[in-house]
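Residue numbers (my numbering), protein chains in the order written: chain D, 1 to 294; chain C, 1 to 363; chain V, 1 to 239.
Keep in mind that the hints were calculated from the coordinates and are not lab data. Just so it is clear, CB atoms sit at the ideal spot from N, CA and C, and this is done for glycine as well. Please note that the accuracy of each hint is not assured.
Stated by the list, open to error - Here are the computed distance ranges between Cβ atoms for each label pair: (1) C:S177 / D:L5: 48 to 58 Å; (2) V:R110 / D:T189: 16 to 26 Å; (3) D:L5 / C:L269: 34 to 44 Å; (4) D:I76 / V:A130: 44 to 54 Å; (5) V:G141 / D:I158: 50 to 60 Å; (6) V:R110 / D:E180: 18 to 28 Å; (7) D:F182 / C:S240: 34 to 44 Å.
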Amino acid sequence: MMDVLTSFTFLIVAIGTMVLAFTGGLAGTISVMKGQSLIGDAIGHATFPGVVLSFMLIGIRETFTLALGAIILGIIAFFSIQMITKHSKVTLDGALALILSSFFGLGMALMSFVQGNPDYGGTQGLNDYIFGQAAYMLSSDVYLIIIASAISLLLFIIFYHQIRIYIFDPVFSRTIGINENFMNLLILTITILVIATGLKAVGAVLIVNILIAPAVIGQLWSNRFPVVLLIGGFSGATAAFTGTYISTAGENIATGPAIILSLSAILVLSIFLSPKGILRRGAHKGKLGEDQYD
Amino acid sequence: MIEVLLVLIVTALATSLLGVFLVLRSLAMTTDAISHTILLGIVLAFFITNDLRSPWLILGASIAGVLTVYIIEVLSKTRLIRPDASIGIVFTALFAAAIILISKYAADVHLDTGIVLMGEVIFAPFTRTEIFSWSIPSALLQMSIILLINLLFIIIFYKELKVSSFDPKFAFIAGFSTTLIYYILMTLVSVTAVTAFDAVGSILVINFFVAPALTAYLLVKRLATMIWCSMLFAVINSVSGYFIGITYDLSIAGVTSFVAFITFIIVFLLNPNGFVSRKIRSLNQKREFNRAMILMLMNEESHQSLTKSEIISHFHFNAGKFDKHMKYLIFNNYVTRTNEHYTLTELGEEYTHYTREKYDLPV
Amino acid sequence: MTENIITIKNLNAAYQEKPVLWHISLDIPKNSCTAIVGPNGAGKSTMIKTMMQLIKPLSGEVKINGSKDKHELKKIAYVPQKGEVNWDFPATVFDVVLMGRYVHKGWIKRPNAKDREMALEALKTMRIEAFKDRQISELSGGQRQRAFLARAIAQDAEIYVMDEPLQGIDVTTENLIIEVIRHLQQSGKTFVIVHHQLDTVGEYFDHAIILNKSLIAAGAVETVFTEENIEKAYREKVN
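Put together the whole structure using the sequences plus the hints.
In structure tokens, the structure reads:
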């Protein structure tokens, strides 16, 4: 066991995924509470053509440039969703499914073009961005995750109060001079930084889990926003550590899916055991009934 | 190669048919979840049968699909987790389990995640079935049967589907079991999705389900028309996707999905009630408001004769805007100008009555 | 001569592409308690949302203290209609009321002891200090309304704009709200309130705006709140 814990690869991957999942827990809380958790899923899928496109244009398979392409396509996807839901009767549900699948389709079409074209060498790694290949993470990948997460967290801290008020009461936040477009852009930036840098670790298809599950776990354990955030962040990091350990120790277990199953395990436990959970709910209700007003 | 196109079209028809109801009931992302989690059903069934062509795989997939819907519903009903978050959690967890099982225990067999996820319709004709001494691609036969089943389902339950899509409460009162219809629908979605796997893969199949239906939704109001329209778009997208894909040697399913997006956007922008015509209409409306406002102002007793600068300062117009409006009003004989003063004509006064009538304003 | 705190000039506004406010000019005197009344769809909510710059008017202007500057908006506290907030959000009643203090805070700055004290004071005024650590979603309708009013009080604004604050609440809360409004009015505040119960207009308010897309009348209650004006506003259109 000590072999695994001290191996360089393990440390690199564990640090990277833990930072990522911690930030994901915080960033995801915003969209989960706004009832827009699946936007992350659509953006996650939509990053795939961005990765392939930037490979085609720049010609190297280097994490930073690929992440840049991912961010650009993610932003286009986000605004397409906004435009469709705002200017037609199509619901968010429909718009998400449409954007998610058509952008991913574009990615596949581009991918088949790249693979069939001898001008592009070294396309092998591109597929890793669909499911993630944490085992191949380099220290440069981890630096990128750390820098992106630091920016995300910094933005979160600077605009903490605005974010809180905006989620709770958007109309009130406008009347006290908080700009709605600015807030949407801010939330998008915080989220997309996590998604774009997390692709190599977790992959485009599953990345949304580290945005939703920690947030839900946090909400199950606390009624206070800062505590929800911290519980979310730490359960994300714990799952990242566990998942990375399992995948390093076991054979043929991909890291991304292992992290997500660890997170799911924490979530299932929380659904039953947390103060609001199924097992303790009866007791909780009784308590509420007792000190009712009047 | 025509067989590839046929498989693609039949798949698109079978999926888009159900897609109409998925769109109307806002089940698109639930369907996306199913299309991922049936992979787990396939894997588990494969472990039992050890045969990739076994019909038990379809059964396993369907059970996984329906189970997904059920878990999402149970989670949402605890009111601990929002429905959209439940979808996101459940499908990723089950899908992650499937990937681990495949990579750990089935890495050596043909159950390759790549193919299952991406699908490739181009390979469809390689697996063939003999029927009445005709050799046709198995996928074509399977998808045709599914298309037939979906068609029958919609014909038989048309009334129930219609009512429960538009007004679930009424359906409940009228005594339909909306739950039963819902679960039959979702079972068919699972069966259709797993059958379509080979051709289009699990991520893109959602596009085949909902994109044509969403496009049709923008255009038409009646359910029957929406179904026809959706099927028409399904065919258009598939044919264009096929030819572009063949010509440039690209993933046909991928191209078809993106073409479906382009079709949607074109309809979104250009349909009679679409983005462009709405913008034009609201500009026209604004112009009409402004003209009516000028006339209504001049209809007030204290403002019967006004100069340009008075009107401009009253409404905060700029001079160019004022000139444009006034030119129109004078040309149409609503307003006359004597020296520097503008006054209302009889026609103009009539127009203010019409305006009050139109916008339901008190006299 | 009374001073006007809000001046509306030639206001035309549309809501969802339909014109709802036509050519409205009126003044709201400082330190008044003004009711906005009119039938459904008369543009009452649109009017106060335009005042708050939540809706952009087609033409015309709203001036606060004689200025169109966005900064003046900070002098208004807005109490929205019920159900516009995210009830799932993990916030206690105290958190919500403290949010009122953020109007006066810049980026990052945290609320200080004085802000907390003012929030607590507002809770006491609305008599909900006992629930200050409760989850906002656990309160009853009347209690929620009190909490939002407490938030507005904590904002320490000059003008309070409220959208049907008395809709669907218990008598105790209604009496308390009116009592608090009277008290604040004495200390120089101005109130603009969308109100739907015609029978209490004369009792609760000193000024009234009677609206049905265009302005029917505005001024002191005793002069404008007449049967004739009411009938004019509420008359069903024949045909």
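How the hints compare with the structure:
Judged by the Cβ atoms, the range 48 to 58 Å given for S177 of chain C and L5 of chain D holds: they are separated by roughly 55 Å. R110 of chain V and T189 of chain D have their C-beta atoms about 23 Å apart, which keeps the hinted 16 to 26 Å range intact. A C-beta distance of roughly 56 Å is found between L5 of chain D and L269 of chain C, which places it outside the suggested range of 34 to 44 Å. Roughly 51 Å separates the CB atoms of I76 of chain D and A130 of chain V, a value that falls within the hinted 44 to 54 Å.
For G141 of chain V and I158 of chain D, the Cβ-Cβ distance of about 36 Å falls outside the hinted range of 50 to 60 Å, so the restraint is violated. One distance hint, 18 to 28 Å for the beta-carbon pair R110 of chain V and E180 of chain D, holds here, with the actual separation near 24 Å. Between F182 of chain D and S240 of chain C the beta carbons are some 40 Å apart, a value that agrees with the proposed interval 34 to 44 Å.
Figure legend: structure checked against the earlier numbered hints; hints not met, in rising order: 3, 5.
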